[in-house]
Amino acid sequence: SQTIHQWPATLVQPVGSPLSLECTVEGTSNPNLYWYRQAAGRGLQLLFYSVGIGQISSEVPQNLSASRPQDRQFILSSKKLLLSDSGFYLCAWSGLAQGYQETQYFGPGTRLLVL
Amino acid sequence: QKEVEQDPGPLSVPEGAIVSLNCTYSNSAFQYFMWYRQYSRKGPELLMYTYSSGNKEDGRFTAQVDKSSKYISLFIRDSQPSDSATYLCAMSFNSGNTPLVFGKGTRLSVIA
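These protein sequences, in sequence, are chains X and A.
In terms of my numbering, the first sequence is residues 8 to 122.
In terms of my numbering, the second sequence is residues 402 to 513.
Hints may be right or wrong, so weigh each one.
[Said to hold, decoys possible] Reference excerpt, derived from the structure (chain A facing chain X, CB under 10 Å, subset only):
| id | residue |
| --- | --- |
| 1 | Lys468 |
| 2 | Phe494 |
| 3 | Leu509 |
[Claimed, not checked] In silico EDC-like cross-links for lysine to aspartate or glutamate, where the CA-CA straight-line distance does not exceed 20 Å:
| id | chain 1 | residue 1 | chain 2 | residue 2 |
| --- | --- | --- | --- | --- |
| 4 | A | Lys443 | X | Glu66 |
| 5 | A | Lys457 | A | Glu446 |
| 6 | A | Lys505 | A | Glu416 |
| 7 | A | Lys505 | X | Glu66 |
Derived from the structure by calculation, the hints contain no laboratory data.
It should be emphasised that the depicted structure is a prediction, and the values quoted were computed from it without experimental measurement.
Glycine residues also receive a C-beta, built at the ideal position from the N, C-alpha and C atoms.
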């Protein structure tokens with residue numbers, strides 16, 4: 008079966024500090040990977056998606072960046088966090104896998120609070 | 402007009418009630434429709450996945466798509482307190498293996 012991990016689960020960071028959130032997927036090959044942010048009352052906002060190693064599409068211009076160094080690893084980064092970066096960050100995967108629909112499956116999320 | 406509209410609620414119902422959750426959308430090119438359930442402080446989990454118009458049933462859950470009206474629904478029969486969560490609709494143009502467009506979610510509380 009497929010499993011998606013995210014860490015850390017919770018993070019409190021000062022404004023201006025760097026950020027690195029990691030997402031890994033097990034049990035599937037060549038997945039599409041996605042980063043979303045969910046702020047209170049604002050729904051899910053797609054930040055980045057990737058169809059392969061080194062291939063990143065950015066949906067929203069901001070001070071965040073994403074990288075995919077390995078097939079099943081997706082990293083969200085920032086050099087300097089802003090207060091507005093606070094939120095719940097979700098990683099998702101999609102692809103062809105037995106027993107799974109061809110749609111997105113989400114990880115447990117990382118709650119980020121920037122102070 | 403937003404691409405996908407979903408009433409945020411909150412919706413509060415007694416245990417055992419039939420719940421109806423709805424989304425409307427503006428782009429007739431959407432072909433694939435999904436419902437996700439999200440418990441507080443957890444990631445969304447896929448509940449229902451449908452293609453084009455029609456109904457799909459899975460246990461107490463029924464998903465309905467009316468493409469002519471650009472309207473999708475999720476019905477929950479015999480609602481339980483464990484159904485208390487936020488329900489998100491989502492849709493896409495091609496197969497689900499592409500970025501999805503989400504509604505903002507409806508918060509549901511089922512009172513015992």
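Given pair status - Glu446(A), Lys457(A), alpha carbons within 20 Å: holds (17 Å)
Residue hint Lys468(A), partner chain X, criterion CB-CB below 10 Å: Violated: closest Cβ of chain X sits about 18 Å from Lys468(A), beyond 10 Å.
Chain X contact restraint for Leu509(A) - C-beta distance below 10 Å: violated (16 Å)
Hint consistency between Lys505(A) and Glu66(X) [alpha-carbon to alpha-carbon, up to 20 Å]: holds (18 Å)
Residue hint Phe494(A), partner chain X, criterion CB-CB below 10 Å: Status violated, d = 13 Å.
Given pair status - Glu416(A), Lys505(A), alpha carbons within 20 Å: violated (24 Å)
Distance restraint between Lys443(A) and Glu66(X), which requires alpha-carbon spacing of 20 Å or less: Violated - the C-alpha atoms of Glu66(X) and Lys443(A) are around 23 Å apart, more than 20 Å.
Violation of the numbered hints given earlier is confined to hints 1, 2, 3, 4 and 6; the remaining hints are satisfied by the structure.
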